[in-house]
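First to last, the protein sequences are chains A and B.
Quick note: the first sequence uses the numbering used here, first residue 1, plus one each step.
Quick note: the second sequence uses the numbering used here, first residue 101, plus one each step.
Keep in mind that the hints were calculated from the coordinates and are not lab data.
Just so we're clear, the structure is a prediction, and the values are computed from it rather than from any experiment.
Calculated cross-link-like contacts (lysine-lysine; reagent style DSS-like; alpha-carbon spacing at most 25 Å):
id, chain 1, residue 1, chain 2, residue 2
1, B, LYS144, A, LYS48
2, A, LYS48, B, LYS138
3, A, LYS60, A, LYS48
4, A, LYS35, B, LYS142
5, A, LYS57, B, LYS142
6, B, LYS142, A, LYS48
7, B, LYS144, A, LYS35
8, A, LYS67, A, LYS57
9, A, LYS72, A, LYS60
10, A, LYS35, A, LYS60
11, A, LYS35, A, LYS57
12, B, LYS138, A, LYS60
13, A, LYS57, A, LYS71
14, B, LYS138, A, LYS57
15, A, LYS60, B, LYS142
16, A, LYS67, B, LYS138
17, A, LYS57, A, LYS72
18, A, LYS60, A, LYS71
19, B, LYS138, A, LYS35
20, A, LYS35, A, LYS48
Now for the letters of each chain:
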Amino acid sequence: MITSNFTVRVLQPSEGNFLTQSEDVSIEFRIITDKVYLGVNASESDWKEITSEEAQKFEKEREEFDKEMQKK
Amino acid sequence: MWGINTSAIPEARQSLIDSLITYSFDRAAAGYSNCTIKLSAKTKALLTEEEIAQITAKGFTIA
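Extracted from the complex, chain B is given alone in its bound form (with noise of 0.2 Å):
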């Protein structure tokens, strides 16, 4: 499950995070047209408020 620390993957939040946020393109800066990600239930629940509010910023529905 994507972002759900494990001992196989302790980084596994930090990967969740720097994907959706610190690495991921700016669409809405860009212009660019709405893009959906689907992520699990439980992928959704690691996320804060704020992580959500960074990633919608960029043009990104989370479904």
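In isolation and in its complexed conformation, chain A is listed as follows (with noise of 0.2 Å):
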């Protein structure tokens, strides 16, 4: 018989809300999302909670950039 014990910390944002990278990273790089599962040796502070209007505002940067790219 095998027994296996697995722990998994969840990070979920209040309702409406996202979450993102707490770092400050280039556009390109930029996460946003309502769930994340941590990585075994991964900190909760390594996320940080936005609300949907500054995911959007990230969303339309990320948009941008994109655009600047395919011109290339």
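Make the complex out of the two chains shown on their own, each in a separate frame, by following the hints.
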């Protein structure tokens, strides 16, 4: 018989909000998500909660970045 | 969408599991820092709790 125990740390934002990296990253690496499953050595402080308005602002920045990249 | 079986790609889910679990490098065991993998909500929903635990145990954060 094999018994396994698994522990997963899950981050979820408040209703209507999202999660993104806490550090300042280039928009091409910015992640906006509704759920994070932390790796074994990761820290909760690596992520922060943002509002949907802030998320939309990041998405717009990324769209503009993608357009600029397509021009090159 | 990664991991969703279709008639064209019937082994898509197995590919997902092989990539993230079966044949993925164990960063944690090797002493490497954590790495974040961005998956769509649909792909995340395909993974069981056990599979997610196996992936995160290897030093991967799933976002």
